[in-house]
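**Student:** Sequence:
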Amino acid sequence: MMNLVPANVTHLDSVVQLEKATFPDDAISKRSFRRFIESNTADFFVMLNDKRVVGYYVVLFRNNTNLARLYALVLSPQFRGKGLGKQLLQHAEDRADLRHSLFLRTEVATSNQIAQQLFINAGFRAVELREAYFPPSTSQSQDALILQKLLPRYELGEDNSVGATERYVPMMTQSTEFTCGPASLLMALDYFGRPTADASQEELEIWREATTIYMTSGHGGCGPHGLARAAFKRGLSVRVAVNTDDALFIDSVRQEQKKEVMQRIQQADIDYLHRHGVTIDVCDYGVAELKADLGAGKLILALISTYHFDGVRAPHWVLICAADDDFIYINDPDYDTLPWESPTERQYLPIPIATFNKAFGFGGRKQKAAVIVGRVD
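So for the sequence shown, UniProt numbering puts the first residue at 1; every next one is plus one.
Heads up, some of the hints might be wrong.
[What the hints assert, rightly or not] The calculated lysine-lysine pairs, modelled on BS3-like cross-linking and capped at a C-alpha distance of 27 Å, are:
1) Lys51 x Lys86
2) Lys51 x Lys30
3) Lys258 x Lys86
[Unchecked claim] Distance windows between CB atoms, simulated:
4) Gly295 x Asn121: 33 to 41 Å
5) Val287 x Asp198: 51 to 59 Å
6) Lys366 x Ile114: 52 to 60 Å
7) Asp50 x Lys30: 22 to 30 Å
8) Val5 x Ala296: 39 to 47 Å
9) Tyr272 x Asp198: 20 to 28 Å
Calculated directly from the structure, the hints in this document are not laboratory data.
We treat Cβ as the ideally placed atom computed from N, Cα and C, and that holds for glycine.
Construct all of the structure, not just a fragment, from the sequences and the given hints.
**Tutor:** What follows is the structure in structure tokens.
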């Protein structure tokens, strides 16, 4: 009978022996396996046939993220072909899910077709090819496929999640440093059945329509009223939530002429919205209101400060797709990803609610802005 149990020191010799037999050129050391047992950022389980170790897996978790890495998964050769590899993988996924991980990633040698098929059958998708990733087994190093799976955390009624939890909002990366708002709106348009035939062109067209011109130095950024106007023109239902009647985001602008231009543009957008019956709520829009809108089938474009993520005080639009008791899930269109990240790592990115509350709002006066969009009834 097979059992999966947390690894302990009595299993180490058997695990190391199986590891060396499987990966003679790149075996994980006994010392590392011991660290996995002791670490609170690793799950290390062994599969036992009676008391004999016949397989194991290691999942690693990074602090301050909700991304998990399947670092090792090994099954003894004589026990393969019996569905036990699938059982190991499912257990690893379940453990990552318990830790609120959103994605599970792993690396597989391009020559290892059996392992690739196991992961693909389980719903993993290739997101990257890394050359010369594994040490050479003969005279040449081996390339690796980076495989990734979005874990199935969004089952309504089971974890108090709300929002786009059954059909995921598609991901789009902004193509310029200043079009995070348009990219967020394009994702929402696609989700609500109004995709564009030329996203790159429409991204710039929305920016041209919605920019408030001098929001920061350099290229102008989009304000909530301009984005709401663009969303309404493209057939979505729209509501704006801001926490002030004052002109938004002019504190960083020093020249009075520029401030006046910003105020005039914002007022023109506000007048347009009023003429077309679009609601502008001046309120302290927070998590409770956000969840209510998600539960009603809406998506939310929210303006956040990136300071709590990268230490840079910059305004940035993201698209809020879902929420539960612990996290706000966003599609982040930021194009400046880290070298080891793929765009899918910014899809349904889980932000702890406490962190989101700090990030939601911009400037010294913490001006809040959200554009709530949905289908027209």
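**Student:** Given the hint of 39 to 47 Å, is the C-beta distance from Val5 to Ala296 inside that range or not?
**Tutor:** holds, 45 Å
**Student:** Holds or violated: the 52 to 60 Å window for the beta-carbon distance between Lys366 and Ile114?
**Tutor:** holds, 54 Å
**Student:** Are Tyr272 and Asp198 spaced within 20 to 28 Å by their CB atoms?
**Tutor:** holds, 25 Å
**Student:** Need the status of pair Lys51, Lys86: alpha-carbon distance at most 27 Å?
**Tutor:** holds, 21 Å
**Student:** Within 27 Å, alpha carbon to alpha carbon, are Lys51 and Lys30?
**Tutor:** Holds - the C-alpha atoms of Lys30 and Lys51 are around 20 Å apart, at most 27 Å.
**Student:** Could one say that the CB atoms of Asp50 and Lys30 fall in the range 22 to 30 Å?
**Tutor:** holds, 23 Å
**Student:** Between Gly295 and Asn121, does the C-beta distance stay in 33 to 41 Å?
**Tutor:** Since Gly295 and Asn121 have Cβ atoms about 34 Å apart, the given range 33 to 41 Å holds.
**Student:** Could you grab the alpha-carbon distance between Lys258 and Lys86 and see if it respects the 27 Å cut-off?
**Tutor:** Between Lys258 and Lys86 the Cα gap is close to 61 Å, so the pair fails against 27 Å, i.e. violated.
**Student:** Mind checking the hinted window 51 to 59 Å against the Cβ distance between Val287 and Asp198?
**Tutor:** violated, 36 Å
Comparing the model with each numbered hint stated earlier shows that hints 3 and 5 do not hold.
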